[in-house]
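**Student:** Chains R and L are the protein sequences, given in the same order. Counting from 1, one number per residue, gives the positions in the first sequence under my numbering. Counting from 1001, one number per residue, gives the positions in the second sequence under my numbering.
No incorrect hints appear here.
In the SDA-like style, the derived pairs of lysine to any residue whose C-alpha atoms are separated by at most 25 Å in a straight line are:
hint, chain 1, residue 1, chain 2, residue 2
1, L, Lys-1175, R, Gln-130
2, R, Lys-175, L, Glu-1143
3, L, Lys-1175, R, Glu-143
4, L, Lys-1057, R, Ser-114
5, R, Lys-41, L, Arg-1117
6, R, Lys-175, L, Glu-1120
7, L, Lys-1057, L, Gln-1130
Just a few of them, taken from the derived set where beta-carbon distance is under 8 Å, the chain L residues facing chain R:
hint, residue
8, His-1029
9, Gly-1030
10, Ala-1162
11, Tyr-1189
12, Tyr-1191
13, Leu-1192
14, Gly-1198
Just so you know, the hints here were simulated from the structure itself, not pulled from any lab data. We put the CB at the ideal spot given by N, CA and C, even for glycine.
2 protein chains.
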Amino acid sequence: MTSRRLSTAGQSISRETVFQAALHSFYVHGYDGASMRDIAKAGGVTPAAIYHYYASKQELLVDVINRFMQQSIETTQAAIAEAGGGPAEQLFAAARSHVLWNASDVVSSFVVNSEIRSLEPHNRRLNIAQRDQLQRMFDEVVERGATEGVFTTPWPREASRALVTMCTAVAGWYKVTGPLSPDEIADRYGYLSLSLVGSRVQVDR
Amino acid sequence: MTSRRLSTAGQSISRETVFQAALHSFYVHGYDGASMRDIAKAGGVTPAAIYHYYASKQELLVDVINRFMQQSIETTQAAIAEAGGGPAEQLFAAARSHVLWNASDVVSSFVVNSEIRSLEPHNRRLNIAQRDQLQRMFDEVVERGATEGVFTTPWPREASRALVTMCTAVAGWYKVTGPLSPDEIADRYGYLSLSLVGSRVQVDR
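Here chain R stands alone, though its shape is the one from the complex (with noise of 0.2 Å):
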């Protein structure tokens, strides 16, 4: 879809340059704060350019939404599936992969995880099934290593979710001028995961 463009008075509006203006009007403005026009303003497109490719706003919404949803899973995926097999080496791939993921996008996370609100119904059922799959995948790691004694927790499912809160929190503070690059922040929270869950079992990168 991103190819596809919209030629308009010398200009060629692609649907990402409409996505990417919609991505920054929410952060700055919020959902509700954000109009069609402030939009257009922040793509250098008029309305009808973002009406060629989205009926409403909410469609924008859905979009930036599910665009980062599915990729915080298929990045939880990928890592944990090239971790090997044991549930500690798969549980610091996935947490690392995680802060990774969100470091690399804080605009998109905060989005992701401030504007649910703004969702209509039957969207927010599509997003919570994606939220859902997405801490299941965490859950289904620390279920096993729990039940192999390799995690000593007695609290694995509040451990698996503190640990998807804390990694995607990093987006909240992470700065690109601070003192540890996204790498040593994941290696550092891959350790603090499996201290969370009590693993006996060390992991080194």
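Assemble the complex: chain R is given as a structure, and chain L must be docked to it using the hints.
**Tutor:** Frame of chain R, contents of chain L only:
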């Protein structure tokens, strides 16, 4: 201040009514999306009644954020002071109280954590100072535990930050209708916080 009242046409409007209407409107619409008219409507008051107490929407946001942050700081201070002398007991108590505090007011917690972007520069600096003060109380307990060898984590700073974010994030998923009471969640987060820092000492409530 909350006992001061403005009478208009048979109504007696308190500053607290205006405050709660603003909090509700920021929660539902975001700061940019909530007009003074929305706030007046939510409180069942006139815009003039709002301006009697607050010179601007920014003043309302500052009040909403300041009150919650100040109470967060006082709640944490009290929890640490009452917990006795050991860093494990203090960390357990601080984490518990931070969870209970955020779960007790998920609306304020959300607004405080999503509308930092909407604070004007001077107000944002004050907010950062408050956040630093809150974080530092946790940092000091974790650092003392690490120095005394009670906490074994090689990453006390990161553990402390991760811990505060995971406790704050409870406000994002806690539901009154959920299976666990705030007290049960708080106990588990107390336990998880000690895991996170690799505590040699366990604490039972």
